[in-house]
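There are 2 protein chains.
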Amino acid sequence: MSVELTVEKIARAARAASRKMAGSGSAAKNQVLRTLADAIQARTAYIQAENQKDISYARKKGLSSAMIDRLTVTDATIRSMADGLMEVVQLEDPVGAVTRGWLRPNGLQVSRVRIPLGVIGIIYESRPNVTVDAAGLCIKAGNAVILRGGSEAYHSNQALAGIITGALEAAGLPGEAVQMLPIRDRSAVKALLQQEEFVDLIIPRGGEGLIRFVVQNSMIPVLKHYKGVCHVYVDESADLAMAQEISFNAKVQRPGVCNAMETLLVHRSVAPDFLPSMAKRFIKAGVEIRGCEKTCRILADAIPAEEEDWSTEYLDLILSIKVVEDMQAAISHITLYGSSHTDAIVTSDYDRAGRFVRQVDSSVVLVNASTRFNDGGQLGLGAEIGISTSKLHAFGPMGVEELTTTKFVVQGNGQIRT
Amino acid sequence: MSVELTVEKIARAARAASRKMAGSGSAAKNQVLRTLADAIQARTAYIQAENQKDISYARKKGLSSAMIDRLTVTDATIRSMADGLMEVVQLEDPVGAVTRGWLRPNGLQVSRVRIPLGVIGIIYESRPNVTVDAAGLCIKAGNAVILRGGSEAYHSNQALAGIITGALEAAGLPGEAVQMLPIRDRSAVKALLQQEEFVDLIIPRGGEGLIRFVVQNSMIPVLKHYKGVCHVYVDESADLAMAQEISFNAKVQRPGVCNAMETLLVHRSVAPDFLPSMAKRFIKAGVEIRGCEKTCRILADAIPAEEEDWSTEYLDLILSIKVVEDMQAAISHITLYGSSHTDAIVTSDYDRAGRFVRQVDSSVVLVNASTRFNDGGQLGLGAEIGISTSKLHAFGPMGVEELTTTKFVVQGNGQIRT
Numbered sequence: 001m002s003v004e005l006t007v008e009k010i011a012r013a014a015r016a017a018s019r020k021m022a023g024s025g026s027a028a029k030n031q032v033l034r035t036l037a038d039a040i041q042a043r044t045a046y047i048q049a050e051n052q053k054d055i056s057y058a059r060k061k062g063l064s065s066a067m068i069d070r071l072t073v074t075d076a077t078i079r080s081m082a083d084g085l086m087e088v089v090q091l092e093d094p095v096g097a098v099t100r101g102w103l104r105p106n107g108l109q110v111s112r113v114r115i116p117l118g119v120i121g122i123i124y125e126s127r128p129n130v131t132v133d134a135a136g137l138c139i140k141a142g143n144a145v146i147l148r149g150g151s152e153a154y155h156s157n158q159a160l161a162g163i164i165t166g167a168l169e170a171a172g173l174p175g176e177a178v179q180m181l182p183i184r185d186r187s188a189v190k191a192l193l194q195q196e197e198f199v200d201l202i203i204p205r206g207g208e209g210l211i212r213f214v215v216q217n218s219m220i221p222v223l224k225h226y227k228g229v230c231h232v233y234v235d236e237s238a239d240l241a242m243a244q245e246i247s248f249n250a251k252v253q254r255p256g257v258c259n260a261m262e263t264l265l266v267h268r269s270v271a272p273d274f275l276p277s278m279a280k281r282f283i284k285a286g287v288e289i290r291g292c293e294k295t296c297r298i299l300a301d302a303i304p305a306e307e308e309d310w311s312t313e314y315l316d317l318i319l320s321i322k323v324v325e326d327m328q329a330a331i332s333h334i335t336l337y338g339s340s341h342t343d344a345i346v347t348s349d350y351d352r353a354g355r356f357v358r359q360v361d362s363s364v365v366l367v368n369a370s371t372r373f374n375d376g377g378q379l380g381l382g383a384e385i386g387i388s389t390s391k392l393h394a395f396g397p398m399g400v401e402e403l404t405t406t407k408f409v410v411q412g413n414g415q416i417r418t
Numbered sequence: 419m420s421v422e423l424t425v426e427k428i429a430r431a432a433r434a435a436s437r438k439m440a441g442s443g444s445a446a447k448n449q450v451l452r453t454l455a456d457a458i459q460a461r462t463a464y465i466q467a468e469n470q471k472d473i474s475y476a477r478k479k480g481l482s483s484a485m486i487d488r489l490t491v492t493d494a495t496i497r498s499m500a501d502g503l504m505e506v507v508q509l510e511d512p513v514g515a516v517t518r519g520w521l522r523p524n525g526l527q528v529s530r531v532r533i534p535l536g537v538i539g540i541i542y543e544s545r546p547n548v549t550v551d552a553a554g555l556c557i558k559a560g561n562a563v564i565l566r567g568g569s570e571a572y573h574s575n576q577a578l579a580g581i582i583t584g585a586l587e588a589a590g591l592p593g594e595a596v597q598m599l600p601i602r603d604r605s606a607v608k609a610l611l612q613q614e615e616f617v618d619l620i621i622p623r624g625g626e627g628l629i630r631f632v633v634q635n636s637m638i639p640v641l642k643h644y645k646g647v648c649h650v651y652v653d654e655s656a657d658l659a660m661a662q663e664i665s666f667n668a669k670v671q672r673p674g675v676c677n678a679m680e681t682l683l684v685h686r687s688v689a690p691d692f693l694p695s696m697a698k699r700f701i702k703a704g705v706e707i708r709g710c711e712k713t714c715r716i717l718a719d720a721i722p723a724e725e726e727d728w729s730t731e732y733l734d735l736i737l738s739i740k741v742v743e744d745m746q747a748a749i750s751h752i753t754l755y756g757s758s759h760t761d762a763i764v765t766s767d768y769d770r771a772g773r774f775v776r777q778v779d780s781s782v783v784l785v786n787a788s789t790r791f792n793d794g795g796q797l798g799l800g801a802e803i804g805i806s807t808s809k810l811h812a813f814g815p816m817g818v819e820e821l822t823t824t825k826f827v828v829q830g831n832g833q834i835r836t
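First to last, the protein sequences are chains A and B. So the first sequence is numbered by the working numbering: it starts at 1 and just counts up by one. So the second sequence is numbered by the working numbering: it starts at 419 and just counts up by one.
Chain A with its partners taken away, still in its complex shape:
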């Protein structure tokens, strides 16, 4: 069978399964998640044996140790997947909620009722834990999901998918509600992106190249972010000790993720006070500093930043710093170079806090807190399926509710239009 036909068959089966998932109650869905949490722990040896095949292949192909690290399913990875599933069990089931309802003058009772999205395609790179995390959230929201993990994690993902199918069937739900694309090359992704008739949403997770490929080729709506060029602006009225803690946390606590700070903006009146001790702490932590002209005058160690630094997501221990005239200049910089992802102000000024929040057009805007809080778990949504910087449907972290939509239910007693 051609790649296109294979993928269409999978998508069609997913659509059929999605109808059964939509009709299943919380009890059955939670049972799947619990069974799955038990099963992946019980079958650790099997999963790790399959994972070993991928690791050997990756070594042969000469993949970087960072890549192999991400690929490896340790005992801790298994435990964390199981714990994650049990957290999803605890989340409220969003399906069936009446989000709003009203009575029309002609007696029609109108309700907006939350329903699953239907079929979701998730395209991701090396980490096999995404297979279980994403499947768990999609199941909880009553969806079917088609997974396409990185080709380097092929055996690990097939093993996990098989266990997920078993857990679904044990609860009387269709195994086709979670399917892994069995084709290793990109043609399968391209074919999936054409299944508009059967797939409601595509979520790509990975590098900017993968995401651009998906957006360019998809007929199906895509929720994504290309990158996170996140800023902290230290205002002239900032508590400088607080500003230092927030800036350090935003850059150093986990530099390789999308909500880490990439550019620090500092009001010119506090720059001479703030930057030297801040930079000392950064340098001690191994952070390379690339500064604007004014920054370089204050920090002898800083490398002069180039134009492209301001729009670069380093995902590394590198930080660009710019001294700005005032908050308006900081906002203009964020508007020009930012990625609508996460931006923070440190200030003690009531009015400026409000203006920053209103004027910065990002999915998460923070006052006096680290950018690292742009995360579904941290913000209280429960587990997250990703972060969207497209404004449509979901802007910011996407939890289980963002995997649903609403339909209109209209109850009448014979109304017609005149």
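Hints listed in this document are in silico derivations from the structure and should not be mistaken for laboratory results. Do not rely on the hints blindly, as some may be mistaken.
BS3-like, lysine-lysine: derived pairs with alpha carbons at most 27 angstroms apart [as the list claims (entries may be wrong)]:
1. B:645 - A:227
2. A:294 - A:280
3. A:9 - B:645
4. A:407 - A:20
5. A:280 - A:190
6. B:438 - B:427
7. A:190 - B:645
8. B:438 - B:712
9. B:608 - A:190
10. B:645 - B:608
11. B:712 - B:698
12. A:227 - B:825
13. A:227 - B:427
14. A:227 - B:712
15. A:60 - A:9
16. B:645 - A:407
17. B:825 - A:407
18. A:284 - A:294
19. B:645 - A:20
20. B:698 - B:825
Given the coordinates of chain A, work out where chain B should sit on it, guided by the hints.
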């Protein structure tokens, strides 16, 4: 300048204008709408003179009288545009609403705040009144909009766009918040669909061909419906008099629109009672009936339906009728042939009403009411910008609120992640 550069320049200006629109309050936005309502009435003669150019050109090109009818701006069209704007003035401004908020254990105050989407591109066909209706809703929601009307309405649309710009500027808002693409051929549409950096949403309104072209070429999220193949299912327990009124209204009241019924499904046990008098009324109103085998046995006048009838949106006085075994067969038919747009059941059975509502996967599902109620105004959303059958962001009629999104605002006092 090339088409691509012209369109990019317009999109960039729209983005800049959108920031000013987002920061403007309800008072200024409502002032624009009121000024505009007055201005189009005051300048009726000018608008109609420009409209006459389009009509002459359309006649020369030999366009159908239906097309010319849609294109013509009568005094009533002008009044209706002005009235529509005044209705939008009355709508609640969705921007700034806190849709939800909560406190995290670490003291972070998280809010989801409603904000404008940003820049919206609307691509539509001949009716010039869409220019004013769509601009009005986008302005109310604090967005900038790029309009691309049908080439046959070129002069009418340019005239209306000029008046809108004047109304914006009179209220101190940027004229670039509403721009009409000045290029007549489809290359301008294609170029617009590539402006992902500056445009947040595309709404195409028109025939299926236009909409498929937009979806295939767009890098930007699209809200749309391809077609409305809407059903009424008459259950065995239906009040047959009510069923007749609803079915007649759904088919005949305005057959050329997307929420008109295209297929009538009738439970076999009531078909012999229901169909003859129903058909008589349809035939008297000029409706052509295409029936399944069982229908044709009951109705001598019915033409045998072919397979493709079941998925056809006639938009005309044509109706397909199918006799079904039971409600489950009706739902299966809707699932297979429907378009997720609007479907209704007529029943007096409590349990079946509930099951139909849960199992039919359409944007609007009705019990004992006409499909013609799938309309923003009729359902109480106020004016609508269109109807979406994509599940993402908006499923069903889209009002002013659907032209907004939410961002996360996080207020802290020094929180960092550990």
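Right, here's what the structure says about each hint:
1. For the given pair, residue 645 of chain B sits about 36 angstroms from residue 227 of chain A by alpha-carbon distance, which is inconsistent with the 27 angstroms threshold.
2. With a C-alpha separation of about 17 angstroms, the suggested pairing of residue 294 of chain A with residue 280 of chain A holds against the 27 angstroms cut-off.
3. Note on residue 9 of chain A and residue 645 of chain B: the hinted pairing holds, with a Cα-Cα distance of about 24 angstroms set against a maximum of 27 angstroms.
4. Pair hint residue 407 of chain A plus residue 20 of chain A holds up; C-alpha atoms about 17 angstroms apart against a cutoff of 27 angstroms.
5. Of the pairs offered as hints, the one joining residue 280 of chain A and residue 190 of chain A is violated, with about 48 angstroms between alpha carbons and a cut-off of 27 angstroms exceeded.
6. For the hint pairing residue 438 of chain B with residue 427 of chain B, the CA-to-CA distance comes to about 17 angstroms; that is within 27 angstroms, so the pair holds.
7. Taking the CA atoms of residue 190 of chain A and residue 645 of chain B, the gap is about 26 angstroms. The hint holds against a cut of 27 angstroms.
8. Under the criterion of a C-alpha separation no larger than 27 angstroms, the hint pairing residue 438 of chain B with residue 712 of chain B is inconsistent with the structure, at around 62 angstroms.
9. Taking the CA atoms of residue 608 of chain B and residue 190 of chain A, the gap is near 21 angstroms; set against the 27 angstroms cutoff, the hint holds.
10. The straight-line distance between the Cα atoms of residue 645 of chain B and residue 608 of chain B is roughly 22 angstroms, inside the 27 angstroms bound, and the hint therefore holds.
11. Note on residue 712 of chain B and residue 698 of chain B: the hinted pairing holds, with a Cα-Cα distance of about 17 angstroms set against a maximum of 27 angstroms.
12. A C-alpha spacing of about 17 angstroms is found between residue 227 of chain A and residue 825 of chain B, which places the hinted pair at or below 27 angstroms, so the restraint holds.
13. Under the criterion of a C-alpha separation no larger than 27 angstroms, the hint pairing residue 227 of chain A with residue 427 of chain B is consistent with the structure, at around 24 angstroms.
14. The suggested pairing of residue 227 of chain A with residue 712 of chain B is violated, with an alpha-carbon distance near 59 angstroms, which exceeds 27 angstroms.
15. A C-alpha spacing of about 33 angstroms is found between residue 60 of chain A and residue 9 of chain A, which places the hinted pair above 27 angstroms, so the restraint is violated.
16. Note on residue 645 of chain B and residue 407 of chain A: the hinted pairing holds, with a Cα-Cα distance of about 17 angstroms set against a maximum of 27 angstroms.
17. Restraint check for residue 825 of chain B and residue 407 of chain A: the C-alpha separation of about 23 angstroms stays at or below 27 angstroms, so the hint holds.
18. A distance of roughly 22 angstroms separates the Cα atoms of residue 284 of chain A and residue 294 of chain A; the hinted pair therefore holds under the 27 angstroms criterion.
19. Taken as a hint, the residue 645 of chain B and residue 20 of chain A pair is honoured in the structure, with Cα atoms around 25 angstroms apart against an allowance of 27 angstroms.
20. Under the criterion of a C-alpha separation no larger than 27 angstroms, the hint pairing residue 698 of chain B with residue 825 of chain B is inconsistent with the structure, at around 55 angstroms.
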